[in-house]
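S.K.: The lines below spell out each chain.
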Amino acid sequence: MVGMMTAVSKGNLAGIINSAKFAVNTPSKLDHLRRLRDELSLAGDSASLPEFLPLVVDLHSDRSSPARKFVIEMIGAIGLKHTEFLPEIIPVLIAILKDDTPAVARQAIRCGIDIFRHSLVKVAIQGFYSSELESSLKLLWEWVLKLKDEIYSIAFKQGSDGRRLLALKFVETIILLCTPDPGGSSEPPADQIPDEILEDFNISWLRGGHPVLNVGDLSVEASQHLGMLLDQLRFPTVKSLSKMMVIILIKSLSAIAKQRPAFYGRILPVLLGLDPSSSVSMGVHHCLKNAFLSCLKCTHPGAAPWRDRLVGALREMKAGELAEEALHQFCQVNGSVDWKDDSSMAQEEKPSVKTCDADNSPGRKRSGIQDNNLVEDDHVSVKRARPSPNLSEGSAHELSCRDQDEVSSSGRKTAKGNEDNGPVQQLVAIFGALVAQGEKAVGSLEILISSSSADLLAEVVMANMRHLPPSRPKAEGDEELLLDKGSYPSIAGGDTRFRHLSSLLTDILSMPSTSAETDAMLDAQQSPVSDIEVQLHSQMMLLISLLKPEEVGKHATVIPSNNDAAYGDLNSAIVQPVEPAVLPVSSVTDGYLAIPFEITDIGDLDNEIPGLDSSTRSDGLEETLAVSSLVSTGVEDTSQEQVTSLDRSSTEILPSMSTDRSEELSPKAVSADATSTSALAENSGLSFQMVLPKMSAPVISLTDDQKDNLQKTAFMHIIEAYKQIAVAGGSQVRFSLLAYLGVESPLELDPWKLLQKHILSDYMNHEGHDLTLRVLYRLFAEAEADRDFFSSTTATSVYEMFLLAVAETLRDSFPASDKSLSRLLGEVPHLPKSVLKLLECLCCPGNSDKDEKEMQNGDRVTQGLSAVWSLILLRPPTRDVCLGIALQSAVYHLEEVRMKAIRLVANKLYPLSSISQQIEDFAKKMLLSVPMVDQNVEGRDANGSNSELEKDPNLGKPPNERPSVRAITKDISSDTGQSCISESTSSSSVTEVQRCMSLYFALCTKKHSLFREVLVMYNGMSKAAKQAVHWQIPILVRTIGSSSQLLEIISDPPTGSGDLLMQVLQTLTDGTIPSPVLIFTIRKLYDTKVKDAEILVPVLPFLQKDEVVIFSDFFNFDLIIRKYFYSLLSELRMSLYSIFLALQIFPHFVNLPLDKFQAALARAVQGSSQSGPVLTPAEVLIAIHGIDPDRDGIPLKKATISITDACNACFEQRQIFTQQVLAKVLNQLVEHIPLPLLFMRTVLQAIGAFPSLVDFIMEILSRLVNKQIWKHPKLWVGFLKCALLTKPQSFAVLLQLPPAQLENALNRTPALKAPLIAHANQINIRPSLPRSVLVVLGIASDSPSASHAQTTHDQTGDAVNSEKEITEKSKESSGAS
Amino acid sequence: MKFRYAMVCSSNQNRSMEAHFLLKREGFEVSSYGTGTHVKLPGPSLREPNVYEFGTPYKHMYEDLRRKDPELYKRNGILPMLKRNLAVKTAPQRWQENATDGYFDVVLTFEEKVFDMVVEDLHNRDHVLLKPVLIINLEVKDNHEEAAIGGRLTLALCQELEATENWEDSIDDLIIAFERQHRRKLLYSISFY
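From first to last, the protein sequence lines stand for chains A and B. If you count the first sequence from 1, position 323 lands on 323 in UniProt numbering, and the numbers rise without skipping. If you count the second sequence from 1, position 159 lands on 159 in UniProt numbering, and the numbers rise without skipping.
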């Protein structure tokens, strides 16, 4: 059966090998190889292997590198399983080491490692039992050694890093294999099961007499190879190595060092000698650091001497924290005694490090001790309770407890807050150094304190606090006493101290009444040195005390008077009354509390008793390194202790709320205290060991709720205390502390809310601004600190809420004129979106529904805008957002808001060059949106049912602006609020247009060239928009004035802007004298572009009178002569030229549409207030009459009509063209040669308008008779009309006519004949008339002269006939007009 | 894809999951882990994190937080993040307990502390396979925005790695090139399985 299987699988195997060999692509090849491996392992026995191995091995020369790699892996595995084949396999491996593909070579080395290990173990074990090795094993070992040499040569030769990577691993493995493991057993296990032995193999099992292996030789060889490895890292070889190689080497060496501490002495110098700065890359640096750390953690005694050097190196690498931590862990394992020796040794060796580094270490070490204590407490005595941190210590200490928890749970201390306080530590060090200098440094200390930022000082205090032990000032007093004793050299020494301490404690506990005595004794014992120290340290204490002055005060009452000296300075500094001799036990609540603490402290001491020295002493020693370097040992001791005790007492200041908490303790707890106290008192005479077990009594376990409550109360208490500190001053430091406390508090109690409440309850008096800033900066730092996810996220969130709450309250509770909000926003570290939103609501009220009330209040807008303005100025990063807010506000629909914003934008912001373009673009965009918006409105007006048009405005406009019937149904929420604004669409659209344009207009006043755009736009604007523009233009143009830029625009106006341009010009000239430049510009414009005389109207009053009037004479020139004049004058000065240009003007006015002419007329006649009228009315009329349609190129008919109209227009204004004016005009006109065409018409009009002029007219008519009026056919008709109109007065004139003309006249107007005859027949008239006239009248008979008269009549008749036609024509045309 | 990747941060929530998510989408063979003792998520206050055990399904956390304060956790982006995560895998996994997950070729960490822990952890494991594993630290701040950036960088880095035949032969060049191109400093180390 088995045979069959084998046979089958044999055939199978051959097949697979073949298919693997000839497979085309790599994946299928690998598939086959995998199958081959499975088959081979299935085959299990070695029977088939001899047959197939060569075939398999043959595959190693395959083309595909993954296949080769796989084959190597496979044969390596086979070799391990069947060592008998190794002599065949190893040569293949050796060969393949030189494979082109590093990965294949690596696989070979990997196999090599396993093979070497296997072979070594096998050879070694066989040697235990026989003195002679099997020949096969010998052969194997030879091959193995060959392989080793090959691999070594790779490892130590420059070349492919990929190969060396594993070759070095090989070297490392071999070194470890060939050197004795100090941790492993030195005896081989009794029952040999090779597989298991493989892992635990220790070369030290080998003894002398092994046939092949010699421990000594192997060690020497390993040592040599180690040397070679080290050489790699030595200068200059290390320079040529790649980063990866350096990392690998460091890792290998540190691994070797860790596992073979014997090599510490060789490896560490090299590693330490690697210049961290020259090893450039971060990776190497980091790797080195980790290597040091892992070496530091090594517990082997051989490693111990190197520890301090490692710590030093790590400190240099700025990994001090980690080093301390490692040390600390180390201490936990090895016990503090050992550690103390070490560290003190380290300090002796490296005194120079003291001042700068000590700040770091003592605290650390101290906490190390604490942890240690706690751990020991837990382990050593279950009965003995560890001091409950929640009860006996404040929140600061609880932190350290938490840290401890973390240590115990993860084995790694996160060391929060310590990581980032580099400057703080430096400052602490400086404090230390100054304090160490003694009294003379007091001044410097003060300067330092006053010049440090409050935040930094707060950090210093906090940093110190967390390092302080959980002892109490009560105990400290005792210690101090003890130490004072210690300052006498004669009784220096642990034993004495302890004896003294115990007796003292006993005294105090059992006989309170003696304390006064003790006190006195103590005072006497105070040494001068300690006084100085106390004074110096009180400075530090002061810092701490700032946290809560009256707490310190309370504290001082609890403290027995014997530490009066220590607190003297402090107390006086805080100005708190001190009750010197209050006895702890006699005061009920305080006493109870004091005693348990005391006991705790004793417990501490007791724990340390097994050591050579007391913990206090060693603590003090450590502490001193930071603060003191006094020379005298005796004195030093004292001062050290003093420092310690003082610092210790300072710990208690924060947690001293315990006094208050005691009130919260349940009565039961208090009574428990009482019993324990009494029990203690009874036992106090006994030795310490006897006292200790009683310590469990005062521990009270509180529920979580109770704890929360306590903490909350404590925090509130602190905040309450802040209400008084404004008087005391120093709020800067205190605020920082408060903010810090807020961050550090365990936040079930939500300190932020409490703080916020405090701040907002009286923003001004509580220095709310400063405090808020402190808090925000602290939170911001928390959020930005590169810490874990949740704390930064939470801090961000708290930050935002806090700021928002304060900002909202400031807005709601303070008058709008208050600058607090603006100031706050300007100074906070960061503005979150929500706050900007708040600002936006302030500036654009009504965008959120809540602020309906605020909407009415323009002051709020001003407040918001001024905040925005200051933000834009002060906070460049928020500039865009703030500008956006301001701009939105500047196009706000309410005019009040908009105007405020526009003032801000145009006056304050626009001048800022960095944002002016942005503002301009925005304004332009809004301006450009105008026509479109308006067309839509019109479209809707015209076609209300057109839903297509309905949609567009909703898209294109801000949602609130225009209500439309449809839109309301669609978008009730946004539109209803505004629906009242506009009653009709048209007025709302004008408003809307104004909304969009006013910003741009405001900018125009700042940058006049922008105005051009308005002109360009104008043509495309809808009616409503134009209307809006016309409303605004006067204000705008008046503000701009006739600036050069504006004139430039005027001189080249865009097409279609005529109306607007007119308005501009009118505004420019309205009420002021236009500058000559302006007049010139306008004239030039008229001359070159706009042929419309209208444009001249606004400046008409300011043209020289001559310019307008001369033409009446000028036009009398012949056309040719005028042309000649032009050419002649154009050579002359410009002004003259312009004067002459003006000559042409007036006729063109007449050519204007009637209404415009009237306007021109009014202007011309009224003139401006400054200059008086340009023309008198009489001159105007005369001028009109002087117009010659032919000459002036105006079509006759039209011109005539126009001129007639012009006259009519004049006559309509009777208040100007009065009777006198007309008389004067007529008087002058009658003298004109030729008579103006319209003369008679005007006469007729005059008589029509002013009948009282009739006598004057008669005079005129008679003058006309003298001028032979009948020779002007057109005028003759008018004359006769006039005569008819003015009968009977005109009869006298008519009778003056020569008979022929009279006859003609009578023929033309028969209506005259009868009355005239009747008139002539009058007695008094008839005789005066010549006979010929009478004949014509038919009164006298024909005379001889009749024939003559007839002739004349005929002639006249012809003339009359021809005249008749013309008259009729003119009548028609008059009728038409 | 040649290599097996592991993304590691402290809580296996934000940075590692962002990278996991991206790489998975691109078809990489990728896992993700956290090195912390617990899974910590922001809570209602600074010092009140929500703490879960590794292995607690994301879905559970999601439901839990949504029940507690949907507004808060939506605002600080925790709920969206958890939603993303539960689409990637079931629950956060702890690096130190991943021995059974097989070996990785490349491990990416996003914080030096995590990097150290991974290196240390790998160092303390038995080196049986002697298979090199590349551990790279890309420092990424633990917030949503940075995590997104970090994720993209990680993807780029892994694509670079995939493009090499064997990272062992060219890792230095690759790292240097990457650092130069993206102006980010990388830490790397090599351990063995």
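Treat the hints as calculated values from the structure; they're not laboratory data. Values in this document were obtained by computation on a predicted structure and should not be read as measured data. Worth double-checking, as some hints may not be accurate.
[To be verified] No farther apart than 30 Å at their CA atoms in a straight line, the calculated lysine-lysine pairs in the DSBU-like style are these:
| hint | chain 1 | residue 1 | chain 2 | residue 2 |
| --- | --- | --- | --- | --- |
| 1 | B | K74 | A | K837 |
| 2 | B | K141 | B | K40 |
| 3 | A | K239 | B | K83 |
| 4 | B | K131 | A | K81 |
| 5 | A | K146 | B | K2 |
| 6 | B | K2 | A | K98 |
| 7 | A | K712 | B | K40 |
| 8 | A | K833 | A | K757 |
| 9 | A | K757 | B | K74 |
| 10 | B | K83 | A | K258 |
| 11 | A | K833 | B | K2 |
| 12 | A | K833 | B | K131 |
| 13 | A | K707 | B | K68 |
| 14 | A | K157 | B | K83 |
| 15 | B | K83 | A | K837 |
| 16 | A | K819 | A | K925 |
[What the hints assert, rightly or not] Here are the in silico distance ranges between beta carbons for each label pair:
| hint | chain 1 | residue 1 | chain 2 | residue 2 | range |
| --- | --- | --- | --- | --- | --- |
| 17 | A | G438 | B | I176 | 48 to 56 Å |
| 18 | B | E179 | A | S240 | 42 to 50 Å |
| 19 | A | S240 | B | E160 | 22 to 30 Å |
| 20 | B | L129 | A | E784 | 39 to 47 Å |
| 21 | B | R66 | A | E808 | 24 to 32 Å |
| 22 | A | D181 | B | D101 | 23 to 31 Å |
| 23 | B | D101 | A | E88 | 54 to 62 Å |
| 24 | B | R66 | A | K757 | 50 to 58 Å |
| 25 | A | D100 | B | D101 | 27 to 35 Å |
| 26 | B | V51 | A | D31 | 20 to 28 Å |
| 27 | A | T299 | B | E179 | 34 to 42 Å |
| 28 | A | Q888 | B | I176 | 45 to 53 Å |
| 29 | A | N214 | B | V51 | 51 to 59 Å |
| 30 | B | D101 | A | F235 | 39 to 47 Å |
[To be verified] Calculated from the model, a selection of chain B residues having no Cβ within reach of chain A, i.e. all distances over 10 Å:
| hint | residue |
| --- | --- |
| 31 | G55 |
| 32 | A87 |
| 33 | P132 |
Glycine is no exception: its CB is placed at the ideal position from the N, C-alpha and C atoms.
S.K.: It remains to establish, for every hint, whether it holds in the given structure.
M.R.: Here is what the structure says about each hint:
no. : hint                        : verdict
1   : B:K74 x A:K837              : holds, 19 Å
2   : B:K141 x B:K40              : holds, 16 Å
3   : A:K239 x B:K83              : violated, 50 Å
4   : B:K131 x A:K81              : holds, 20 Å
5   : A:K146 x B:K2               : violated, 33 Å
6   : B:K2 x A:K98                : holds, 24 Å
7   : A:K712 x B:K40              : holds, 25 Å
8   : A:K833 x A:K757             : holds, 23 Å
9   : A:K757 x B:K74              : holds, 26 Å
10  : B:K83 x A:K258              : violated, 45 Å
11  : A:K833 x B:K2               : violated, 45 Å
12  : A:K833 x B:K131             : violated, 51 Å
13  : A:K707 x B:K68              : holds, 23 Å
14  : A:K157 x B:K83              : violated, 53 Å
15  : B:K83 x A:K837              : holds, 28 Å
16  : A:K819 x A:K925             : violated, 33 Å
17  : A:G438 x B:I176: 48 to 56 Å : holds, 54 Å
18  : B:E179 x A:S240: 42 to 50 Å : violated, 21 Å
19  : A:S240 x B:E160: 22 to 30 Å : holds, 25 Å
20  : B:L129 x A:E784: 39 to 47 Å : holds, 43 Å
21  : B:R66 x A:E808: 24 to 32 Å  : holds, 28 Å
22  : A:D181 x B:D101: 23 to 31 Å : holds, 30 Å
23  : B:D101 x A:E88: 54 to 62 Å  : violated, 37 Å
24  : B:R66 x A:K757: 50 to 58 Å  : violated, 30 Å
25  : A:D100 x B:D101: 27 to 35 Å : holds, 33 Å
26  : B:V51 x A:D31: 20 to 28 Å   : violated, 48 Å
27  : A:T299 x B:E179: 34 to 42 Å : holds, 37 Å
28  : A:Q888 x B:I176: 45 to 53 Å : holds, 49 Å
29  : A:N214 x B:V51: 51 to 59 Å  : holds, 58 Å
30  : B:D101 x A:F235: 39 to 47 Å : holds, 42 Å
31  : G55                         : holds, 17 Å
32  : A87                         : holds, 19 Å
33  : P132                        : violated, 6 Å
This entry does not satisfy hints 3, 5, 10, 11, 12, 14, 16, 18, 23, 24, 26, 33, going by the numbered hints stated previously.
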